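Based on these hints, arrange chain B on the given structure of chain U.
Number of protein chains: 2
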Amino acid sequence: MDQKSMKNAPIGIFDSGVGGLTVVREVMRQIPGEEIVYFGDTARVPYGSKTPATVLRYARQIVHFLKTQQVKAIVVACNTASALALPAIREEEELPVMGVVEPGAHMAAMVSRTGRIGVIGTEATVHSGIYEQMLQRLAPQATVIPRACPLLCPIVEEGMLHDPVTDEIVRRYLAPLMEEKIDTLIMGCTHYPLLRSTFRRILGDTVELINPAYETAVALKAELGRLGLLRGEAADAAGDADAAGEKEQPAGQETKTAGQGPQGAALHHRFCVSDGAERFAAFAQTILPCEVGDVQVVNIEAY
Amino acid sequence: MDQKSMKNAPIGIFDSGVGGLTVVREVMRQIPGEEIVYFGDTARVPYGSKTPATVLRYARQIVHFLKTQQVKAIVVACNTASALALPAIREEEELPVMGVVEPGAHMAAMVSRTGRIGVIGTEATVHSGIYEQMLQRLAPQATVIPRACPLLCPIVEEGMLHDPVTDEIVRRYLAPLMEEKIDTLIMGCTHYPLLRSTFRRILGDTVELINPAYETAVALKAELGRLGLLRGEAADAAGDADAAGEKEQPAGQETKTAGQGPQGAALHHRFCVSDGAERFAAFAQTILPCEVGDVQVVNIEAY
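Chains U and B, in that order, give the protein sequences. If you use the working numbering, the first sequence corresponds to residues 1 to 303, in order. If you use the working numbering, the second sequence corresponds to residues 1001 to 1303, in order.
Hint data in this document are derived by calculation from the structure and do not stem from the laboratory.
Which residues of chain U face chain B? A few of them, derived with a C-beta cut under 8 Å, are:
| id | residue |
| --- | --- |
| 1 | A43 |
| 2 | K50 |
| 3 | T51 |
| 4 | T54 |
| 5 | P150 |
| 6 | L151 |
| 7 | P154 |
| 8 | E158 |
| 9 | V165 |
| 10 | E168 |
| 11 | I169 |
| 12 | D275 |
| 13 | G276 |
| 14 | E301 |
Calculated from the model, a selection of chain B residues having no Cβ within reach of chain U, i.e. all distances over 10 Å:
| id | residue |
| --- | --- |
| 15 | F1199 |
| 16 | L1203 |
| 17 | A1222 |
| 18 | A1266 |
Pairwise CB distance ranges, derived in the manner of DEER restraints:
| id | chain 1 | residue 1 | chain 2 | residue 2 | range |
| --- | --- | --- | --- | --- | --- |
| 19 | B | A1222 | U | H64 | 43 to 51 Å |
| 20 | B | G1228 | U | G129 | 52 to 60 Å |
| 21 | B | G1293 | U | S5 | 54 to 62 Å |
| 22 | B | S1005 | U | G159 | 51 to 59 Å |
Fair warning: this is a prediction, and the values are worked out from it, not measured in the lab. Ideal Cβ placement from N, Cα and C applies to all residues, glycine included.
Chain U on its own, in the form it takes in the complex (with noise of 0.2 Å):
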């Protein structure tokens, strides 16, 4: 492809799931003249519980799927197959391949200032010890405090994002990082921030919380733009978003031009799944600004 055909081409963002779409939710809202393909593994979800040759895998193989969509970028949207498959990934492809890991844990060195971080996620992502590697480069004096939260992704996929057992179990799970007096919490699962009105309560006003889908909109913009790979002049809702960090925008403040080019011309976004193309239409339908449309089903087993 020349540098023209490049800068239109689609970028590939996929995830075992759904919880990648906060990241497409991000991007549309930061780098609305871009089109997406996104792919969301939804006959092999979760990728929490398991082993980091099987995530590498699958990620190769949803790897080799997007690029036969001539995408010119992918990102990981998922923080588990970020922390378990990105290196090797990385390494056996030209195209800019971008993680959620990293800008959350850039995020959260910057922001912190005690440097006592913490850290919840999926068991892999937690058991990969990601975070404290990123956040070890970056702040060598923070000290990371990591906690594997497996009942919430099950709790916020059953819609109970209000409830006073969901309280009773984040407050569980987050008592031992209170006890270590965290100022910084990286929400390190894309479902979490979901959940980010009861981690505010329960955490009070003092901990920062940190939105790595937010953080790694801002990167793959920065980093299109080094390339020369941004879709013409892209409109610049977020700007200012940007400098200040994502924490606690308010909810609805999407901007509603996702599904519009920079010139006006329609953007055809595509959405791609492994299994159960309604049910995810339906979810992403209530989380996303643009007309989610056709979901096609992908065998990606034989990629």
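This is chain B only, laid out in the frame that chain U set:
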């Protein structure tokens, strides 16, 4: 294979993960002379939130794998796969193939006095309507009250078997069933018998709890006997329990002869998974009465 080789062949048992080990335990207890090949699809677990087409594809791959292990019969030790894949697989295969739904429904129809039968399970199992269909045939006057309980598997896997949070969640799931005055509850997921004491406490003494894993082992023994496929004279330690059903059998009554064939020859049970062999082995060792030994990882997508 001739009839003698067939008799000596192992029984194939599979599940989406570890849940089917409760069926293995019952088979080892009730037919201790049989050799078992178990497959747990830990790379794609859980099945309960996936579509019928995907669960059927996975089940077919596993059946193909088990046939390469020269099994004489196959047990689908997973309510979801029994609900969604069993009819098609039975049609395609000459081997005897049994599921857990029919034996569970059969016992429920037998013991219910009022015909008001509750069924709890994964979303996929409940959505399939399989227990209603089966009970409709067995007890046309019965009223079946189904309820999907998507949080119970993750709670069991998190080890929260005795916990006030678990009590509260179970209470919510069971409340509509209690309002409907059920007198029998089918624990329609292989994980649920581990919450038996919680169900008992919340439901009181008058509701019969049906464990399909137990009933499946009873039915398997009868079916192998009918086909002349029992491996020699099986020690009949659990014979008395057969007639009475499993109601409230205290834990820890495992027949410790499992691991020995009828003439004292060592049995070589084999355990295979699609991911995470070590973790599986550790879990299996806590619930089976035999030495689990090496667990083999199988690339199930290739079958």
